[in-house]
Amino acid sequence: MDNFTPVSALAGGVLIGLASVWLLAANGRIAGVSGILHGLFAQPPGDRAWRAAFVVGLIAAGFAWHAFVPSNSEPQASWPWLAVAGALVGFGTRMGGGCTSGHGVCGLGRFSLRSLVAVMVFMAAGMAATFVMRHAL
Amino acid sequence: MISALGAGFVFGIGLWLSGMANPRKVLDFLDVTGNWDPSLLLVMGGAVIVTAIAFRPLLKKQKLEFRKDIDIPLLAGAALFGIGWGIGGYCPGPALTALSNMSAEVLVFVAAMVGGGFLAKIAAPAAPGA
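As you go down the protein sequences, you meet chains A and B in turn. Take the numbering used here: the last position of the first sequence gets the number 137, and nothing is skipped along the way. Take the numbering used here: the last position of the second sequence gets the number 1130, and nothing is skipped along the way.
Derived from the structure by calculation, the hints contain no laboratory data. Keep in mind that a hint or two might mislead.
Stated by the list, open to error - Under the rule of at most 20 Å between Cα atoms (straight-line distance), these lysine to aspartate or glutamate pairs were calculated in the EDC-like manner:
hint : chain 1 : residue 1 : chain 2 : residue 2
1    : B       : Lys1063   : A       : Asp47
2    : B       : Lys1121   : B       : Asp1071
3    : B       : Lys1121   : A       : Asp47
To be verified - Pairwise CB distance ranges, derived in the manner of DEER restraints:
hint : chain 1 : residue 1 : chain 2 : residue 2 : range
4    : B       : Leu1058   : A       : Leu116    : 16 to 22 Å
5    : B       : Ala1124   : A       : Phe4      : 35 to 41 Å
6    : A       : Pro6      : B       : Ala1052   : 17 to 23 Å
7    : A       : Leu116    : B       : Lys1063   : 19 to 25 Å
Built from N, CA and C at the ideal position, the CB exists for glycine as well.
Chain B extracted, bound-state conformation (with noise of 0.2 Å):
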C-alpha cells in the first residue's frame, strides 16, 4: 500500500510540474486557434518514453489482460470525455490533486465525475477494461 500512497504521490508532483493540474494550462493546449501551448504534448511525450521503454519487461512479468478492440463505446465514451475535458480543462487526475486547492468548483467537478461513472455503469453494467 506504501508503494501505491508513493506512486500516487510521485504522479500528482508530476501532474503538477508540468501544468497539467492547471486547467489554464490544459485549455491553452486544446485550443488550437488561439493562442496555442503546446506544452502538453511533451508531458505526454515524456511520460510515454518512460512507459514505453519501462513497460514491456515489466508486463511480461505481470500477468494482465488488455482489450484490443475498436469498439463504439470506445469511440463514445472517449468523445464524451474530451467534451468534458475541453469545457473544464481537468481530466481524473488533474481532477484529484486539484482537490487540494479546497476550491468549491474542484469539488463540484470531482463528485459529477464519479457520478457520471456510476451512471455509465448502469448503462453498460459491462465494466470495460483499459
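The following block holds chain A by itself, in its conformation from the complex (with noise of 0.2 Å):
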C-alpha cells in the first residue's frame, strides 16, 4: 500500500461532490457523465447545450491541470484493449443507466438501493477483469 494517497483522494473526492451539488442547484441535473455524454447525441436534440457545456468543463480542467502538474496518466493497455474497454464501458453504462458518478457518486448520495447494488456489481466486476488483465493473461 505504498501508493496510498489520502489526503489528495479525500479533497479530489470531496471536489467532485461538491461539483454535483453546484450542478443539481445550479442546473437541477444529476452529474452523471456517461448520461450526460450520451445525452448529447440523443435524437432528437433536446438539451445539449448544458451538457456541452459540462463536457467542455470537464476536458478544459485536465488542460488547466497539465499546464500546472506533471502529468502522471499513461494508459495501461494496448489501443485495441482500449476499444474493447471504451466499448463495454459505453454499451454498459447506458444499458445500466449509469457509471462511477450518476449511481457512485449521486445515487450513493441519494442513498438509492438501485444505485448501491450497480455500484457494488461494478466494482466487483472491475476487479475480476483487473485479476485476469494483470495476473492471469
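Dock chain one against chain two, each of which comes alone in its own frame, and use the hints as you go.
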C-alpha cells in the first residue's frame, strides 16, 4: 500500500461531490457523466447546451491541470484493448443507466438501493477484470 | 450554461487531484490481490459525504424522477461496464478529461465508448434513467 494517497484522494473526492451539488443546485441535473455524454447524441436534440458545457469544462480541467502539474496518466493498455474497454463502458453504462458518477457519487448520495447494487456489481466486475488482465493473461 | 461549464471544470479538477484520471491508480485500486491502493475508496467516500449532506434538501425542490427497480439490464449493464473499467482503468468522466492528454489511446477509448452507447440504445430502445 505504498501507493496510498489519502489526502489528495479525499480532497479530490470532495471537489467531485461539490461539483455534483453545484450542477444539481444550478442546473437541476444529476452529474452522471455517462448520461450527460450520451444525451449529447440523443435524437431529437433536446438539451444539448448544458451537456456540452459540462463536457467542455471537464476536458478544460485536464488542460488546466497539465499546465501546472506534470502528467502522470499514461494509458495502461494498448489501443485495441482500450477500444474493447471503451465499447464495454459505453454499452454497459447506458444499459445499466449510470457509471461511477451517476450511480456512485450521486446515487449513493441519495441513498438509492438501485445505485448501491450497481456500484457493488461494477466494482466486483472491475476487480475481476483487472485480476485477469494483470495476473492471468 | 456557465454553471454547467464551471461544474464540469471543478468535477474535472477533482478527478485529477484525486488520481481518478490516472488509469494506473484506478487499476491499482481494482487490483485487490496485487499491491492494493485503497485511495479510490476515499475519493468515493469524500464525494458521497458531500452529496449525502447536500442532495436531500436540493432534491426536495427539484422535480426529478429516479428509478428504484433492480432489473436485469441494471445488473448486466453494471457488470459489462465494470469489465471495461477493469481492462482500461477509465470510466466515463476520467476518460473525457483525459482527452487533454492528446493521446491516441484515450481518443480510441472515448470513440468506442460513444459507439457502445449507441449500440445499447439500439439493443434496448427504452433509454434507462439513472
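Problem - Structure versus earlier hints, numbers of those that do not hold, lowest first - result: Violated hints: none; all satisfied.
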